[in-house]
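Let the sequences and hints guide you as you build the complete structure.
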Amino acid sequence: MNFEELKIIEPILKALKKENYTEPTSIQEKAIPLILNKMDVLGSAQTGTGKTAAFAIPILQHLFLDHHRKSKPQKIKSLIITPTRELAIQIAESFTTYGQFTGIKNTVVFGGVKQGPQTRALHKGVDVLVATPGRLLDLINQGFIKLNCVEYFVLDEADRMLDMGFINDIRKIITKLPKRRQSLFFSATMPQNIVDLSRTILINPKKVAVSPVSSTAETIQQSLYYTNKSSKKDLLFHILQDKKINHVLVFSRTKRGADRIARNLKKQNIIAAAIHGDKAQGNRQKTLTKFKTLELRVLVATDIAARGIDIDKLKYVINYDIPNIAEMYVHRIGRSGRAGEKGNSISMCEPEENIYIKEIEKLIDQKIKVIKENPFPQTDKPMTAKEKRELAKAKEQKKQAFFAAKKRKKQNKSNSSKFSKRNKKQI
Numbered sequence: 000m001n002f003e004e005l006k007i008i009e010p011i012l013k014a015l016k017k018e019n020y021t022e023p024t025s026i027q028e029k030a031i032p033l034i035l036n037k038m039d040v041l042g043s044a045q046t047g048t049g050k051t052a053a054f055a056i057p058i059l060q061h062l063f064l065d066h067h068r069k070s071k072p073q074k075i076k077s078l079i080i081t082p083t084r085e086l087a088i089q090i091a092e093s094f095t096t097y098g099q100f101t102g103i104k105n106t107v108v109f110g111g112v113k114q115g116p117q118t119r120a121l122h123k124g125v126d127v128l129v130a131t132p133g134r135l136l137d138l139i140n141q142g143f144i145k146l147n148c149v150e151y152f153v154l155d156e157a158d159r160m161l162d163m164g165f166i167n168d169i170r171k172i173i174t175k176l177p178k179r180r181q182s183l184f185f186s187a188t189m190p191q192n193i194v195d196l197s198r199t200i201l202i203n204p205k206k207v208a209v210s211p212v213s214s215t216a217e218t219i220q221q222s223l224y225y226t227n228k229s230s231k232k233d234l235l236f237h238i239l240q241d242k243k244i245n246h247v248l249v250f251s252r253t254k255r256g257a258d259r260i261a262r263n264l265k266k267q268n269i270i271a272a273a274i275h276g277d278k279a280q281g282n283r284q285k286t287l288t289k290f291k292t293l294e295l296r297v298l299v300a301t302d303i304a305a306r307g308i309d310i311d312k313l314k315y316v317i318n319y320d321i322p323n324i325a326e327m328y329v330h331r332i333g334r335s336g337r338a339g340e341k342g343n344s345i346s347m348c349e350p351e352e353n354i355y356i357k358e359i360e361k362l363i364d365q366k367i368k369v370i371k372e373n374p375f376p377q378t379d380k381p382m383t384a385k386e387k388r389e390l391a392k393a394k395e396q397k398k399q400a401f402f403a404a405k406k407r408k409k410q411n412k413s414n415s416s417k418f419s420k421r422n423k424k425q426i
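In numbering that gives the first Met the number 0, the protein residues as written are 0 to 426.
In short, the hints are calculated from the structure, not lab data.
Since we're looking at a predicted model, the values are computed, not measured.
Hints may be right or wrong, so weigh each one.
[Claimed, not checked] Dumping the calculated DSSO-like pairs for lysine-lysine here, alpha-carbon to alpha-carbon at most 27 Å:
hint, residue 1, residue 2
1, 254, 278
2, 16, 291
3, 409, 392
4, 397, 228
5, 145, 104
6, 312, 242
7, 254, 289
8, 278, 231
9, 289, 312
10, 243, 312
[Said to hold, decoys possible] Computed beta-carbon distance windows for the label pairs:
hint, residue 1, residue 2, range
11, 366, 241, 28 to 34 Å
12, 206, 373, 42 to 48 Å
13, 37, 350, 49 to 55 Å
14, 291, 163, 21 to 27 Å
15, 364, 8, 38 to 44 Å
16, 398, 74, 22 to 28 Å
17, 245, 379, 27 to 33 Å
18, 366, 237, 20 to 26 Å
19, 310, 178, 38 to 44 Å
We put the CB at the ideal spot given by N, CA and C, even for glycine.
If you want it as structure tokens, here you go:
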């Protein structure tokens with residue numbers, strides 16, 4: 000099947016041809032006809048399946064045809080909510096790309112940056128607004144955004160949205176939307192809380208699903224080092240002694256871990272930087288640009304921050320931490336070997352992560368090649384359930400002690416201040 004068979008209008012087809020898009024992906028083939036027929040859609044699809052085009056193309060088509068039927072001043076007719084800044088920017092760029100010959104205007108709003116440029120863009124008038132929940136609500140409360148004209152609403156990456164604690168923000172936003180609208184709901188997974196949320200948004204939805212990604216591209220060579228937690232930073236430095244690995248994306252499970260990895264690499268005179276949700280938006284975009292232009296050799300990222308990273312020629316991905324969700328491994332290593340290029344995935348597994356490797360190999364139905372020439376082999380044993388409980392208890396006690404000491408310090412400071420004021424009055 001090609002895009003012409005999906006009854007896409009000429010201005011959008013022209014843009015797709017310019018971008019060398021010929022055949023729709025599975026999710027596009029299933030979703031586009033339903034959306035063009037003004038049906039609500041509940042989509043189960045992960046990042047990397049072509050999901051953005053699946054909703055952007057038909058929304059642009061609706062808006063283009065509506066513009067020709069009624070020439071009203073530009074108001075927000077379509078709202079797309081997504082959890083991260085990088086993904087919001089990427090979606091907005093997709094609307095710009097597919098709609099470049101339609102005259103449909105879009106803009107994106109997200110937190111972490113000054114709102115001035117965003118509010119000025121809104122003031123000029125836009126048809127499509129892509130937003131993260133927090134900044135959207137903030138601008139609504141300030142009176143910069145009204146959603147009373149929205150006809151097409153998309154909630155993207157719903158499971159991530161709930162994981163990041165946006166559920167209450169989403170509910171507030173929904174109350175501000177017109178009841179009569181077309182709604183599209185996309186989520187990689189469909190646990191009960193996601194299904195319950197979808198029922199508050201959709202009316203008689205048509206369900207479309209793309210099977211979870213379970214196969215890795217044949218162009219990606221996968222390898223695995225079994226090591227100890229304490230040896231990972233030394234092993235990473237050993238791997239990066241190979242000068243061929245001159246452009247690499249390193250995955251960390253946590254934000255703090257990403258910062259620590261980047262710091263350790265800099266100490267070894269390796270040009271590296273971290274990107275995650277605690278970084279200011281300007282900093283993140285600057286770092287990402289440096290990585291894309293090869294000014295950075297190593298970019299260390301968390302899974303959520305990496306959602307907006309799309310680099311065709313990236314050859315190397317390193318899993319510093321093994322993901323505890325097997326599908327996430329497939330998405331991570333899929334950042335390399337794109338568009339038919341060759342890619343390399345290198346994973347570093349500590350004892351506690353051995354079980355994750357087994358789950359990954361079961362999902363992808365193949366064994367990952369183990370590197371035998373390993374200067375830092377795995378010698379530690381995985382912790383027992385009892386040891387894990389004891390460690391968790393010790394961490395909790397340490398955390399409580401820290402906050403108790405902080406509280407005492409604050410109280411002492413307050414008492415000292417009161418005592419000082421009393422003495423001054425007496426003097």
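For each hint, the structure was consulted:
1. 254 x 278: OK: residue 254 and residue 278 at ~9 Å, within 27 Å.
2. 16 x 291: Answer holds: residue 16 to residue 291 is near 25 Å, not above 27 Å.
3. 409 x 392: The given pair, whose Cα atoms are some 26 Å apart, holds under the 27 Å limit.
4. 397 x 228: Holds, at about 21 Å.
5. 145 x 104: Holds, because 16 Å separates the two Cα atoms, which is no more than 27 Å.
6. 312 x 242: holds (17 Å)
7. 254 x 289: holds (20 Å)
8. 278 x 231: holds (24 Å)
9. 289 x 312: Distance ~15 Å between residue 289 and residue 312 Cα, so the pair holds.
10. 243 x 312: holds (14 Å)
11. 366 x 241: 28 to 34 Å: Since the Cβ atoms of residue 366 and residue 241 sit about 23 Å apart, the hinted range of 28 to 34 Å is violated.
12. 206 x 373: 42 to 48 Å: holds (46 Å)
13. 37 x 350: 49 to 55 Å: Given range 49 to 55 Å: holds, Cβ gap about 54 Å.
14. 291 x 163: 21 to 27 Å: For residue 291 and residue 163 the Cβ distance comes to about 25 Å; the hint holds.
15. 364 x 8: 38 to 44 Å: holds (41 Å)
16. 398 x 74: 22 to 28 Å: violated (49 Å)
17. 245 x 379: 27 to 33 Å: holds (32 Å)
18. 366 x 237: 20 to 26 Å: Holds, at about 23 Å.
19. 310 x 178: 38 to 44 Å: Between residue 310 and residue 178, where Cβ atoms are some 42 Å apart, the hint holds.
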